[in-house]
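*Asks:* Each chain, letter by letter, is given below.
There are 2 protein chains.
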Amino acid sequence: MGAPMNLAPTGNPEAAKPAMPVRVPIKHCRNCGIAVVYRLPDDGDTRERGVCPACDTIHYENPANVVGTIPMLGERVLLCKRNIEPRWGKWTLPAGFMELGESLSQGAARETDEEAGAQIEMGDLFSVISVVRVGQVHMFYTARLLSDQFKPGHETIEARLFREDEIPWDEIAFRTVRETLRLYFDDRRARTLGRVHAFDLN
Amino acid sequence: MGAPMNLAPTGNPEAAKPAMPVRVPIKHCRNCGIAVVYRLPDDGDTRERGVCPACDTIHYENPANVVGTIPMLGERVLLCKRNIEPRWGKWTLPAGFMELGESLSQGAARETDEEAGAQIEMGDLFSVISVVRVGQVHMFYTARLLSDQFKPGHETIEARLFREDEIPWDEIAFRTVRETLRLYFDDRRARTLGRVHAFDLN
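Same order as they appear, the protein sequences are chains A and B. Start counting at 1 in the first sequence, then tack on 120, and there's your number in the working numbering. Start counting at 1 in the second sequence, then tack on 120, and there's your number in the working numbering.
Because the hints were derived from the structure by calculation, they are not lab data. Among these hints, one or two may not hold up.
Here chain B is said to cover these stretches of chain A; the calculated rule only asks that three of the stretch's residues, wherever they fall, bring their Cβ under 8 Å from a Cβ of chain B [claimed, not checked]:
#1 150-157
#2 172-184
#3 251-261
#4 284-295
#5 316-322
Now the in silico label distances, taken between C-beta atoms and shown as ranges [said to hold, decoys possible]:
#6 B/205 to A/206: 40 to 46 Å
#7 A/194 to B/282: 47 to 53 Å
#8 A/277 to B/166: 18 to 24 Å
Being a predicted model, the structure only gives us computed values, none of them experimental. All residues carry an ideal CB built from backbone N, CA and C; glycine is no exception.
Let the hints inform the model, and build the full structure from the sequences given.
*Replies:* The structure is reproduced here in structure tokens:
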């Protein structure tokens, strides 16, 4: 997973408040270690960046992608009980931060392996959700489980299969996971799987 | 646009070579300025990160999103002639790095305004392309132009409308733009617009 998923937890009243993502400001230059100054760069950029007064390095900060899967075995979906904060003990689809050197689907497959130890055949992109408040984009792929044997990693207490009516909706860790699960089972019921759902959450 | 689009230019033989994205390594801690050490963090992470030996800050580096639009006026698409490197003088769809505090579609709309000064009605997500070699994901939305009057920004020499048979295919700046344009006009001809195209380029 890499960094913690610093997400608006389900039901948090703060989640409705749009704002710039809270990031720890850059204090020192990554290149030379001198204290940076937040200002408009000299290249016509319209946003303040951390600029180094010594070596002129400009420090860009951009949203990060979280990638995961909806691993299905027949009518059942694989969920993981989180062994890490935030939302320890809550259930999630296997997902984590996309890394350099991999594609979106490769990252989703890697996270499914790391968190659930599940063998899958990757399917199609299903949901693309901008979570503006935390500076993230969450993307989930459909996936077909090749076995009902799992080997949860250290970030997972338990990996278990759920039918739709067994899903612990009030114990889902993140809104993007809950929305993705709802849309997936809705599409499955309506036989409209194949669409990509792209939307925003503040 | 923010940072330069450090992309594999069209036709570059290097583009076929899969490799870790070339990023300038982090030398100093963003929090305290001390020289970082690349090593496995102590939290079970399986990738080497820049770790600060003084304050323990872990420096994560992740792929960035580039967002843009396919702005259409009837049968014609709006392209921008680049006034910046890389690929100065080549043609592109309006696109640039997604910023903190905005969604994918908001970023795509902003870039269309900044680079072309074009008034649009945003449409649907159309293409999602992982460009592994440079650590980027490029996403394009369909868009309907509300006017044929443009006000190109400082990053654009010229903004002009092209019918499909007028597109300067050999003068397109980036592979993701060329692929997106081809797929868009193919789908338009086949009356299959509405699908999202998600794939990888090395």
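*Asks:* If a hint holds in the structure, say so; if it does not, say that too.
*Replies:* So, going through the hints one by one against the coordinates:
Note: the region 150-157 of chain A has 6 residues with beta-carbon separation from chain B under 8 Å; the three-residue rule is met and the coverage holds. Restraint check on the region 172-184 of chain A versus chain B: 7 residues with Cβ-Cβ distances below 8 Å, three needed, restraint holds. Counting residues of the region 251-261 of chain A whose CB lies closer than 8 Å to any CB of chain B gives 4, which reaches the minimum of 3, so the coverage claim holds. Taking a C-beta to C-beta cut-off of 8 Å, the region 284-295 of chain A contributes 0 residues in contact with chain B, too few for the three needed, and the coverage statement is violated.
With 3 residues having a Cβ less than 8 Å from any Cβ of chain B, the region 316-322 of chain A passes the three-residue criterion, so the hint holds. About 41 Å separates the C-beta atoms of residue 205 of chain B and residue 206 of chain A, a value consistent with the hinted range of 40 to 46 Å. The beta-carbon spacing between residue 194 of chain A and residue 282 of chain B, approximately 49 Å, falls within the hinted interval of 47 to 53 Å. In this structure the supplied range 18 to 24 Å holds for residue 277 of chain A paired with residue 166 of chain B, their Cβ-Cβ distance being about 19 Å.
Of the hints listed earlier, the one the structure fails to meet is number 4.
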